Amino acid sequence: MGSIDVILIALRNLFKHKLRTFLTVLGVVVGTSSIVIMISLGIAMNESFDKQLDQMGDLTVLEVYNPAYWGEKSDLVINNASIGEIRKIEGVKSATAVVEGYLKFKCGRYVASVNVKGIDAESMEDLGYKTAEGRLLDKSDENQLNIVFGDEIPYNFEKPGARNNYYGGMEETEEREPPKIDAINDKMQMSYDSNFGEKVVAAEEESKNTKPVKPYNVKVVGVLEDNNDYKTKYYAFMSISELEKIQKAEARFNRDVNGMREDNNSAKKGYQSLLIKCADIDVVASVTESLSDMGYEVYSQMDYVNNMKEIAGSLQALLGAIGGVSLFISAIGITNTMIMSIYERTREIGIMKVIGATLSDIKRLFLLEAIIIGFMGGVIGVLLSYGVSAVLNNVELSFLSMMSSEEGNDISTIPLWLSICSLFFSSVVGLVSGYFPARRAMKLSSLSAIKTE
Amino acid sequence: MSIIKINSLTKIYPVGNEKVTALDNVSLEMEKGKIYCLLGTSGSGKSTLLNMMAGLEKPTRGQIIIKGSHLEKMNENQLAKFRQKNIGFVFQSYNLLPAFTALENVTLPLIFKKVPKRIREKKAREMLISVGLKDRIKHTPAQMSGGQQQRVSIARAFVNNPDIIFADEPTGNLDTKTTLEMMDLITKISMENNQTLVIVTHDLEISEYADVIIHIRDGKVDRVEEGKKKIEYKG
Ligand SMILES: Nc1ncnc2c1ncn2[C@@H]1O[C@H](COP(=O)(O)OP(=O)(O)O)[C@@H](O)[C@H]1O
Ligand SMILES: [Mg+2]
Numbered sequence: 001m002g003s004i005d006v007i008l009i010a011l012r013n014l015f016k017h018k019l020r021t022f023l024t025v026l027g028v029v030v031g032t033s034s035i036v037i038m039i040s041l042g043i044a045m046n047e048s049f050d051k052q053l054d055q056m057g058d059l060t061v062l063e064v065y066n067p068a069y070w071g072e073k074s075d076l077v078i079n080n081a082s083i084g085e086i087r088k089i090e091g092v093k094s095a096t097a098v099v100e101g102y103l104k105f106k107c108g109r110y111v112a113s114v115n116v117k118g119i120d121a122e123s124m125e126d127l128g129y130k131t132a133e134g135r136l137l138d139k140s141d142e143n144q145l146n147i148v149f150g151d152e153i154p155y156n157f158e159k160p161g162a163r164n165n166y167y168g169g170m171e172e173t174e175e176r177e178p179p180k181i182d183a184i185n186d187k188m189q190m191s192y193d194s195n196f197g198e199k200v201v202a203a204e205e206e207s208k209n210t211k212p213v214k215p216y217n218v219k220v221v222g223v224l225e226d227n228n229d230y231k232t233k234y235y236a237f238m239s240i241s242e243l244e245k246i247q248k249a250e251a252r253f254n255r256d257v258n259g260m261r262e263d264n265n266s267a268k269k270g271y272q273s274l275l276i277k278c279a280d281i282d283v284v285a286s287v288t289e290s291l292s293d294m295g296y297e298v299y300s301q302m303d304y305v306n307n308m309k310e311i312a313g314s315l316q317a318l319l320g321a322i323g324g325v326s327l328f329i330s331a332i333g334i335t336n337t338m339i340m341s342i343y344e345r346t347r348e349i350g351i352m353k354v355i356g357a358t359l360s361d362i363k364r365l366f367l368l369e370a371i372i373i374g375f376m377g378g379v380i381g382v383l384l385s386y387g388v389s390a391v392l393n394n395v396e397l398s399f400l401s402m403m404s405s406e407e408g409n410d411i412s413t414i415p416l417w418l419s420i421c422s423l424f425f426s427s428v429v430g431l432v433s434g435y436f437p438a439r440r441a442m443k444l445s446s447l448s449a450i451k452t453e
Numbered sequence: 001m002s003i004i005k006i007n008s009l010t011k012i013y014p015v016g017n018e019k020v021t022a023l024d025n026v027s028l029e030m031e032k033g034k035i036y037c038l039l040g041t042s043g044s045g046k047s048t049l050l051n052m053m054a055g056l057e058k059p060t061r062g063q064i065i066i067k068g069s070h071l072e073k074m075n076e077n078q079l080a081k082f083r084q085k086n087i088g089f090v091f092q093s094y095n096l097l098p099a100f101t102a103l104e105n106v107t108l109p110l111i112f113k114k115v116p117k118r119i120r121e122k123k124a125r126e127m128l129i130s131v132g133l134k135d136r137i138k139h140t141p142a143q144m145s146g147g148q149q150q151r152v153s154i155a156r157a158f159v160n161n162p163d164i165i166f167a168d169e170p171t172g173n174l175d176t177k178t179t180l181e182m183m184d185l186i187t188k189i190s191m192e193n194n195q196t197l198v199i200v201t202h203d204l205e206i207s208e209y210a211d212v213i214i215h216i217r218d219g220k221v222d223r224v225e226e227g228k229k230k231i232e233y234k235g
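Listed in order, the protein sequences are those of chains A and B.
With my numbering, you'll find the first sequence wraps up at 453, consecutive numbering, no jumps.
With my numbering, you'll find the second sequence wraps up at 235, consecutive numbering, no jumps.
These aren't lab readings, by the way, just hints derived from the structure by calculation.
One or more hints might be untrue.
[Stated by the list, open to error] With a cut-off of at most 20 Å between alpha-carbon atoms, the simulated SDA-like pairs for lysine to any residue come out as follows: (1) B/K113 - A/Y230; (2) A/K451 - B/Y13; (3) B/K32 - B/K67; (4) A/K130 - A/Y230; (5) B/K117 - A/I4; (6) A/K451 - B/E76; (7) B/K85 - A/S360; (8) A/K363 - B/Q78; (9) B/K58 - A/L444; (10) A/K18 - B/Y13; (11) A/K248 - A/N79.
Owing to the predicted nature of the structure, the values given are computational and were not obtained by experimental measurement.
Turn these sequences into a full structure, and let the hints steer you where they fit.
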């Protein structure tokens with residue numbers, strides 16, 4: 001029997017038993033669409049996970065905190081000697097101490113309070129930072145009051161007294177007002193005095209009864225590009241030695257004016273933290289381990305990433321298993337239908353054998369019927385999945401959007417390869433579930449088949 | 001030269017602990033182009049003999065040699081191929097496929113034989129016309145009378161132009177008038193094509209169509225006699 005004839009006869013048989021065929025196909029539809037939707041959830045989860053990874057910034061940058069600095073009891077001190085040691089670890093590209101300060105900036109009529117990180121000016125390029133405007137700090141900035149702003153900082157400049165509302169997520173809205181200042185070209189001043197630039201209440205000024213703090217004239221040489229990394233976005237960067245000088249001046253000022261005692265231990269305490277850049281992502285684990293062995297407490301985004309990967313992986317396995325079970329059930333449905341159909345058509349099979357059908361003709365005929373059921377179920381199931389996927393993405397059930405963390409992300413993504421694979425897979429399910437019934441049909445004795453009335 | 005040769009053919013069915021000897025050491029020869037009738041009472045073993053000649057059942061002992069080939073030595077696939085080429089079969093209960101039209105039912109043996117679509121449709125159509133079903137070509141079995149269904153079944157048996165036609169009580173379900181029409185038709189076509197026709201029946205009247213009447217009794221050949229041959233081929 002020719003292939004086209006097998007197909008036509010198989011279709012004819014399926015069409016004759018419309019209801020039964022429909023119900024069996026329906027089983028496959030449910031199976032296919034549940035597996036496709038489950039996988040599509042997993043894929044969407046991976047995509048938002050990748051997006052999140054992007055937002056986490058550079059995974060090859062490790063952060064080491066200095067417990068001593070924060071007053072914890074620890075034998076470890078992070079100072080220049082320890083930085084030298086860390087630089088010797090294999091896989092470390094560069095390492096810099098970090099000192100953080102909170103300073104007031106003034107530009108024309110506008111002021112902003114800014115977290116400033118003092119780092120090794122040289123290391124800025126190594127850390128992988130990129131500017132949208134201007135340039136990064138380099139060796140020449142070591143002894144200069146030159147500053148690089150994170151991309152959010154220019155938006156912080158407001159008239160004195162205006163509330164800073166940038167942390168309220170304002171940066172997400174599209175029609176945000178442009179920054180009020182041109183950070184690079186405008187004249188910029190900086191001070192450790194938190195009242196700098198503000199209208200000070202007269203009574204307060206009187207009580208202080210002192211000369212105002214002299215501000216530093218600084219130059220903003222660059223603004224970082226928007227990289228979604230909160231560890232750079234909301235910070236300004238400058239040379240560590242310059243920032244330390246400023247902090248010393250601040251301490252002196254506090255002692256003289258406010259009578260606070262100078263913190264003499266600062267040398268003992270060392271730096272606040274370290275930033276360590278690894279050569280590439282593959283050495284991150286080994287560098288982290290070496291640092292831990294040396295007793296440092298390392299904060300690496302990799303831990304979080306690995307955790308997330310593990311959770312996402314097991315969640316996806318669970319989703320896949322649910323889909324797999326329903327497809328398995330629909331496979332049983334196909335087998336059942338085919339066996340029923342063979343009981344019903346015993347006589348027909350016998351007749352076909354008597355008038356010249358070979359064993360393989362019979363087998364092919366029944367296998368093909370099963371494959372067609374699987375394939376049709378696959379096609380309808382995939383179409384249905386696209387529909388369900390669209391609904392899910394529009395409705396955003398709270399439970400599901402929780403899983404995909406970011407708002408505006410799709411909950412369910414069905415790439416083309418998934419649809420094609422499911423069509424193939426559902427056909428294979430048809431083939432496998434039709435195999436046993438087809439063999440059974442083939443082995444029927446034509447004579448006893450004809451005798452059954 | 002005989003086209004069918006049967007040597008001491010025996011068929012024993014196990015029924016529980018007993019053994020039923022349906023056919024007991026039968027030897028026969030049949031010649032090309034002749035009409036044979038296996039005549040006997042119900043249960044005498046006629047169908048058993050016919051089924052074994054058509055390769056639908058394996059003999060317990062003995063040989064079935066058709067056109068020089070030993071059927072008892074063939075496997076199922078070889079038998080299927082052999083039937084495609086050499087054998088047409090008419091059943092008592094028509095045995096048409098209910099989902100298919102008359103034309104499609106007649107085309108089926110040609111489909112299994114991989115005859116190209118154009119040729120097989122033409123042949124099947126011609127065959128249906130020659131059995132008098134010109135205006136029933138697109139009808140399904142359910143839409144036809146018993147006589148018409150049997151005509152379709154006859155068309156299906158002959159469409160391959162096989163050398164041998166087996167018919168097991170082909171008129172068993174039909175009234176007398178239709179029975180005679182059917183016998184006229186089936187014998188006429190086989191004579192026109194010089195085919196060997198073997199008819200199983202318990203009806204003496206039908207045996208009158210045959211060249212040779214083989215009386216079967218208790219699984220044995222009782223006697224063989226010349227038939228009256230009601231119709232002579234005038235061609
Ligand atoms: N499959 C079978 N199993 C057991 N006995 C059978 C079977 N087929 C036929 N027989 C027995 O063989 C004998 C001959 O049957 P059959 O050839 O059908 O007779 P006929 O066609 O002449 O009426 C009967 O006694 C019948 O009961
Ligand atoms: Mg019989």
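Verification of the hints:
no., hint, result
1, B/K113 - A/Y230, "violated, 75 Å"
2, A/K451 - B/Y13, "holds, 16 Å"
3, B/K32 - B/K67, "holds, 10 Å"
4, A/K130 - A/Y230, "holds, 14 Å"
5, B/K117 - A/I4, "holds, 10 Å"
6, A/K451 - B/E76, "holds, 18 Å"
7, B/K85 - A/S360, "holds, 17 Å"
8, A/K363 - B/Q78, "holds, 16 Å"
9, B/K58 - A/L444, "holds, 15 Å"
10, A/K18 - B/Y13, "violated, 41 Å"
11, A/K248 - A/N79, "holds, 17 Å"
This entry does not satisfy hints 1, 10, going by the numbered hints stated previously.
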